[in-house]
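S.K.: Protein chains in written order, with the working numbering: chain R, 1 to 285; chain E, 1 to 285; chain F, 1 to 194; chain L, 1 to 194.
Don't read these hints as lab results, they were simulated from the structure.
Note that CB positions come from ideal geometry on N, CA and C, so glycine has one too.
A portion of the hints provided could be inaccurate.
Chain F residues, not near chain R, derived (Cβ > 10 Å throughout) [to be verified]:
| # | residue |
| --- | --- |
| 1 | Y6 |
| 2 | V10 |
| 3 | R23 |
| 4 | G24 |
| 5 | K30 |
| 6 | P41 |
| 7 | E44 |
| 8 | P97 |
| 9 | D98 |
| 10 | D127 |
| 11 | C136 |
| 12 | M188 |
Pairs of lysine-lysine residues, derived as DSS-like cross-links and limited to a Cα-Cα distance of at most 25 Å, are as follows [unchecked claim]:
| # | chain 1 | residue 1 | chain 2 | residue 2 |
| --- | --- | --- | --- | --- |
| 13 | R | K278 | R | K113 |
| 14 | L | K102 | E | K7 |
| 15 | R | K7 | F | K72 |
| 16 | R | K121 | R | K42 |
| 17 | R | K113 | E | K182 |
| 18 | R | K182 | E | K113 |
| 19 | L | K189 | L | K72 |
| 20 | F | K84 | F | K57 |
| 21 | R | K113 | F | K84 |
| 22 | E | K42 | L | K102 |
| 23 | E | K7 | L | K72 |
| 24 | R | K7 | F | K84 |
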Amino acid sequence: MSIKVIKPTAAFASLLPTEYLELVADGPYASPKTINDLGTFKEIIAEHPHCAGCGVALGVRLTVASLPAPADTLIVGTAGCSFFGLAQAALNYSCSAFGNQNAVASGLKRMLKIRYPDTDKDVVVLVGDGGIADIGLDLTLHSWFRREKIATIMVDNEVYGNTGGQESGMTQEGQVLNMAPKGKNFAKIPVFELARVSGCVYGARVTVASPKKIGRVVRKAILLAREVGPTYVQIYTPCPTNFKFPPQQTINIAKKAEEGYYSFQEFISDDAQAYWEKNFASSTM
Amino acid sequence: MSIKVIKPTAAFASLLPTEYLELVADGPYASPKTINDLGTFKEIIAEHPHCAGCGVALGVRLTVASLPAPADTLIVGTAGCSFFGLAQAALNYSCSAFGNQNAVASGLKRMLKIRYPDTDKDVVVLVGDGGIADIGLDLTLHSWFRREKIATIMVDNEVYGNTGGQESGMTQEGQVLNMAPKGKNFAKIPVFELARVSGCVYGARVTVASPKKIGRVVRKAILLAREVGPTYVQIYTPCPTNFKFPPQQTINIAKKAEEGYYSFQEFISDDAQAYWEKNFASSTM
Amino acid sequence: MSITPYRVLVGPEGYLPPAAASRGILLPEKGEALIEGAIVPEEEAMQAIATKLLSAKNPFFFPGPQLLWDWKEGVALKAQAVKKLADLAGARVIPMPDYRPKYPMINPAVEINPNHPNLTIWHNKIDVCVFIGVHCHYANMALKIIRGGTSCYTIALCGEAGHEDAMISLCCMGMPELARLTEIIQSMKGEQAA
Amino acid sequence: MSITPYRVLVGPEGYLPPAAASRGILLPEKGEALIEGAIVPEEEAMQAIATKLLSAKNPFFFPGPQLLWDWKEGVALKAQAVKKLADLAGARVIPMPDYRPKYPMINPAVEINPNHPNLTIWHNKIDVCVFIGVHCHYANMALKIIRGGTSCYTIALCGEAGHEDAMISLCCMGMPELARLTEIIQSMKGEQAA
Numbered sequence: 001m002s003i004k005v006i007k008p009t010a011a012f013a014s015l016l017p018t019e020y021l022e023l024v025a026d027g028p029y030a031s032p033k034t035i036n037d038l039g040t041f042k043e044i045i046a047e048h049p050h051c052a053g054c055g056v057a058l059g060v061r062l063t064v065a066s067l068p069a070p071a072d073t074l075i076v077g078t079a080g081c082s083f084f085g086l087a088q089a090a091l092n093y094s095c096s097a098f099g100n101q102n103a104v105a106s107g108l109k110r111m112l113k114i115r116y117p118d119t120d121k122d123v124v125v126l127v128g129d130g131g132i133a134d135i136g137l138d139l140t141l142h143s144w145f146r147r148e149k150i151a152t153i154m155v156d157n158e159v160y161g162n163t164g165g166q167e168s169g170m171t172q173e174g175q176v177l178n179m180a181p182k183g184k185n186f187a188k189i190p191v192f193e194l195a196r197v198s199g200c201v202y203g204a205r206v207t208v209a210s211p212k213k214i215g216r217v218v219r220k221a222i223l224l225a226r227e228v229g230p231t232y233v234q235i236y237t238p239c240p241t242n243f244k245f246p247p248q249q250t251i252n253i254a255k256k257a258e259e260g261y262y263s264f265q266e267f268i269s270d271d272a273q274a275y276w277e278k279n280f281a282s283s284t285m
Numbered sequence: 001m002s003i004k005v006i007k008p009t010a011a012f013a014s015l016l017p018t019e020y021l022e023l024v025a026d027g028p029y030a031s032p033k034t035i036n037d038l039g040t041f042k043e044i045i046a047e048h049p050h051c052a053g054c055g056v057a058l059g060v061r062l063t064v065a066s067l068p069a070p071a072d073t074l075i076v077g078t079a080g081c082s083f084f085g086l087a088q089a090a091l092n093y094s095c096s097a098f099g100n101q102n103a104v105a106s107g108l109k110r111m112l113k114i115r116y117p118d119t120d121k122d123v124v125v126l127v128g129d130g131g132i133a134d135i136g137l138d139l140t141l142h143s144w145f146r147r148e149k150i151a152t153i154m155v156d157n158e159v160y161g162n163t164g165g166q167e168s169g170m171t172q173e174g175q176v177l178n179m180a181p182k183g184k185n186f187a188k189i190p191v192f193e194l195a196r197v198s199g200c201v202y203g204a205r206v207t208v209a210s211p212k213k214i215g216r217v218v219r220k221a222i223l224l225a226r227e228v229g230p231t232y233v234q235i236y237t238p239c240p241t242n243f244k245f246p247p248q249q250t251i252n253i254a255k256k257a258e259e260g261y262y263s264f265q266e267f268i269s270d271d272a273q274a275y276w277e278k279n280f281a282s283s284t285m
Numbered sequence: 001m002s003i004t005p006y007r008v009l010v011g012p013e014g015y016l017p018p019a020a021a022s023r024g025i026l027l028p029e030k031g032e033a034l035i036e037g038a039i040v041p042e043e044e045a046m047q048a049i050a051t052k053l054l055s056a057k058n059p060f061f062f063p064g065p066q067l068l069w070d071w072k073e074g075v076a077l078k079a080q081a082v083k084k085l086a087d088l089a090g091a092r093v094i095p096m097p098d099y100r101p102k103y104p105m106i107n108p109a110v111e112i113n114p115n116h117p118n119l120t121i122w123h124n125k126i127d128v129c130v131f132i133g134v135h136c137h138y139a140n141m142a143l144k145i146i147r148g149g150t151s152c153y154t155i156a157l158c159g160e161a162g163h164e165d166a167m168i169s170l171c172c173m174g175m176p177e178l179a180r181l182t183e184i185i186q187s188m189k190g191e192q193a194a
Numbered sequence: 001m002s003i004t005p006y007r008v009l010v011g012p013e014g015y016l017p018p019a020a021a022s023r024g025i026l027l028p029e030k031g032e033a034l035i036e037g038a039i040v041p042e043e044e045a046m047q048a049i050a051t052k053l054l055s056a057k058n059p060f061f062f063p064g065p066q067l068l069w070d071w072k073e074g075v076a077l078k079a080q081a082v083k084k085l086a087d088l089a090g091a092r093v094i095p096m097p098d099y100r101p102k103y104p105m106i107n108p109a110v111e112i113n114p115n116h117p118n119l120t121i122w123h124n125k126i127d128v129c130v131f132i133g134v135h136c137h138y139a140n141m142a143l144k145i146i147r148g149g150t151s152c153y154t155i156a157l158c159g160e161a162g163h164e165d166a167m168i169s170l171c172c173m174g175m176p177e178l179a180r181l182t183e184i185i186q187s188m189k190g191e192q193a194a
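Take the sequences, apply the hints, and build the full model.
M.R.: See the structure below:
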């Protein structure tokens, strides 16, 4: 996509749905917006079909509001709750077979590099915990081993949400769920540690209780992936439907997790740190 | 299998191939043998269809000579050079679809625990680098996350050997191979580090230049897997055919690697260490 | 061997109608067009389109992203010409701004997408529709769904090779062809008025 | 509907012969047996086995692990009885000690495995063979390979439900049945000698 595309033809402008007209007049495409501007501009994702209080929907909204170059970004997704929001977003979006997302993203990134040698095209994987930690773990890790220049973002609701509540590898040990009545019997998969060991040049672990941190780390992950190497962001996105808490408690649940087992963590390689200091150190972000 | 099985019926004993008669009279089943006794007894694997000087064949021989209880051991393998040797070995052996070995081993281990509640049945995955680090990485890591009580042993020849020499994830960066004429462009996958992060209670990295070390770590890995949790041994097994060195140089190549990038490494969890000290500290191994 | 040729007729043909191409319908060459699966001269198809539009109870144009967004030179002018054509034919317009599967919130009165075109057709009681400026594979998908589930007569004004899955399809539709179709409708309206 | 029943005849039937079960061949009940796919009384099948063995040029017994290894009470005695039977029938013995695919070193003169039974049969020019003490699914596999690629006549002396893929198969083969078969061969030899 290019900024040019985000201009209606005069003959049909008045017929476009309001959603599009607002995006054109007041969206994030033409002028740089950050998460700090949330509420002052038309968001790329305005409506979504998620459950009330959905942490994943919030994680997706915060992530797409943090993209450094939305018009030149391609999101790669896969099956799961994360898909619902992305299908509604006004972004280039490619849905892959369950678990294939990092392999598909690797190919798209390489192809875009050949097709648009002079433009930065950001390829961002944005999927759930099941897609990354369970079904797609091999392909995810291999994209990191190969040093593919893509950012991988996990919206971690610690459950297979839209299929009725099965445990995922990211579910906490002992957690009882609709489809895990005896409780999960092994610990949360340490994907954040795996990212560090497997070649990611930058990693961050955050929760939806800290939108500004999400804004900062998503932008950093994408900008570093552009030039240095693979990056990883893991966002805790609590699920009221399956964990059976009131929808208005999502942020509180996330805040409590952030004070405990889901504390803010970040790592950066020496290369990435040097590149960041040289190019973005003066940035307000 | 039980020791009982390793006794021919009188009526047919004279008709059995020599290979079997020698195993009965002088093999490792009835009395405990270790790698230190190699050369003094009939080995479980006597002939193999590998190339001259094959490091994998040597790695497989050393491993099966190190089994603490061969008659009660089930080896799980997969496609690749490692399969050739195991298909020739006088051991219970199950071949899984490429990459499925740790999932198959998990199921077999659980089933054997139910079927033989009072006997230790060791389930040992013994496969190549392609099976573990590439095709089966997801299933391997997940068996570790789930804390399955199996030992995973990689015979790492750093190449897909029997299909003509494609790079594997374990090939060193820059290595040129028959089917990788431009050289591999990313580093060896850190499976040993992944094992540490992913829940293995014991890990060891060795080469075929150190048979006694192999004997010690394989035995330790299997005994710890019996009671404590998943374990991992990675054995460097150089390939003369694809790396084009003379077959008689295999041990020298491994020795040189051991002095460099393939140094001996070991880790053990606190639990495993405590269990080991309590039960095997007085052992000569 | 003699077989009855497949005809691309108004639906509802059933949940999953076959792709017309798989039943032997061929695309037209330049100067030709398709009417219900048969290749005819372009002029004949234009006459048929004009007749269909002018006799429709509730005709609609569905302009796609290639006409809605001002993405390259010439698009703005073409959009103008199409808008004029629709107005002349007395057709209303519902845009297809992109191809997202926007469930469940799509408003069928203001928007159509290729994943559920039947909703827009049912809700607006559309009996004749015109696809223009929709990318090929999305147009094919939507045309099949419409033929499968609705009784709407589909017309494709295609700038490329044409669409076998529409009941009438032109190909190679540029400014001159748009002008000629407009002229035909204009004159047919004159005759009707006379 | 009338169909010609499938017959389990001596090969070579082709690279991949069908499993006889898939062609409608049923297993015998106790007291019955199979000859070339047809259910017959056990006694009739024993007579046929004796005839086949005594008229063979080069008959072989292939005892499997259940007879070669002394793994439970009674096996040693049964092994003795089978050895006696083979000797009486003038058949030689090649053991199948386990089921490993021992490529490429297997010596077909001293060993047979179910993955390449044809090699042992070709090299030793075996025209009649007897399977006994071989676990079911390995016996089935080997019997199909033999029927597919060789002209060897296969006989299964099965302790369980029998083998549709052998040309003659007994079932429920215990010590009394072994004794009866030995008796039949003994008396048939006496007649031949007389």
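S.K.: Give a verdict on every hint.
M.R.: Going down the list of hints, with the structure as the test:
1. With a closest Cβ-Cβ approach of about 33 Å to chain R, F:Y6 is found to remain outside the 10 Å limit, as its non-interface label requires.
2. Every CB of chain R is more than 10 Å from the CB of F:V10 (nearest about 26 Å), matching its label as outside the interface.
3. The Cβ of F:R23 lies farther than 10 Å from every Cβ of chain R, with a closest approach of about 30 Å, so its non-interface assignment holds.
4. Taking the minimum C-beta to C-beta distance to chain R, about 32 Å, the non-interface status of F:G24 holds against the 10 Å cut.
5. Interface exclusion of F:K30 from chain R stands, the closest Cβ pair being 26 Å apart, more than 10 Å.
6. For F:P41, the requirement that its beta carbon stay farther than 10 Å from each beta carbon of chain R is met, with the minimum near 30 Å.
7. No Cβ of chain R comes within 10 Å of the Cβ of F:E44; the nearest lies about 28 Å off, and the non-interface call holds.
8. Listed as outside the interface, F:P97 is inconsistent with that label: its C-beta sits roughly 5 Å from the nearest C-beta of chain R, within the 10 Å cut-off.
9. Taking the minimum C-beta to C-beta distance to chain R, about 7 Å, the non-interface status of F:D98 is violated against the 10 Å cut.
10. The non-interface label for F:D127 is consistent with chain R: the shortest C-beta to C-beta separation is roughly 20 Å, beyond 10 Å.
11. The claim that F:C136 is not at the interface with chain R holds, since no C-beta of that chain comes within 10 Å of its own (minimum 18 Å).
12. Listed as outside the interface, F:M188 is consistent with that label: its C-beta sits roughly 23 Å from the nearest C-beta of chain R, beyond the 10 Å cut-off.
13. Proximity of R:K278 to R:K113 is assessed by CA-CA distance (about 23 Å); at most 25 Å being required, the pair is judged to hold.
14. Restraint check for L:K102 and E:K7: satisfied, since their Cα atoms lie roughly 21 Å apart, inside the 25 Å limit.
15. Among the hinted pairs, R:K7 with F:K72 is consistent with the structure: their alpha-carbon atoms are about 11 Å apart, no more than 25 Å.
16. Between R:K121 and R:K42, the direct Cα distance comes to roughly 23 Å. Compliance with the 25 Å bound is thereby established for this hinted pair.
17. Straight-line distance between C-alpha atoms of R:K113 and E:K182 comes to about 20 Å, which keeps the hinted pair within the 25 Å bound.
18. Between R:K182 and E:K113 the alpha-carbon distance is near 20 Å, which keeps this suggested pair within the 25 Å criterion.
19. Under the criterion of a C-alpha separation no larger than 25 Å, the hint pairing L:K189 with L:K72 is inconsistent with the structure, at around 33 Å.
20. With a C-alpha separation of about 19 Å, the suggested pair F:K84 and F:K57 falls inside the 25 Å cut-off, and the hint holds.
21. For the hint linking R:K113 to F:K84, the alpha-carbon distance of about 41 Å lies beyond 25 Å, and the restraint is violated.
22. For the suggested pair E:K42 and L:K102, the alpha carbons sit about 18 Å apart, so the restraint of at most 25 Å is met.
23. For a cut-off of 25 Å, the pair hint linking E:K7 to L:K72 stands: about 11 Å separates their Cα positions.
24. For a cut-off of 25 Å, the pair hint linking R:K7 to F:K84 stands: about 20 Å separates their Cα positions.
In summary, the structure is inconsistent with hints 8, 9, 19, 21 from the numbered list given earlier, while agreeing with the others.
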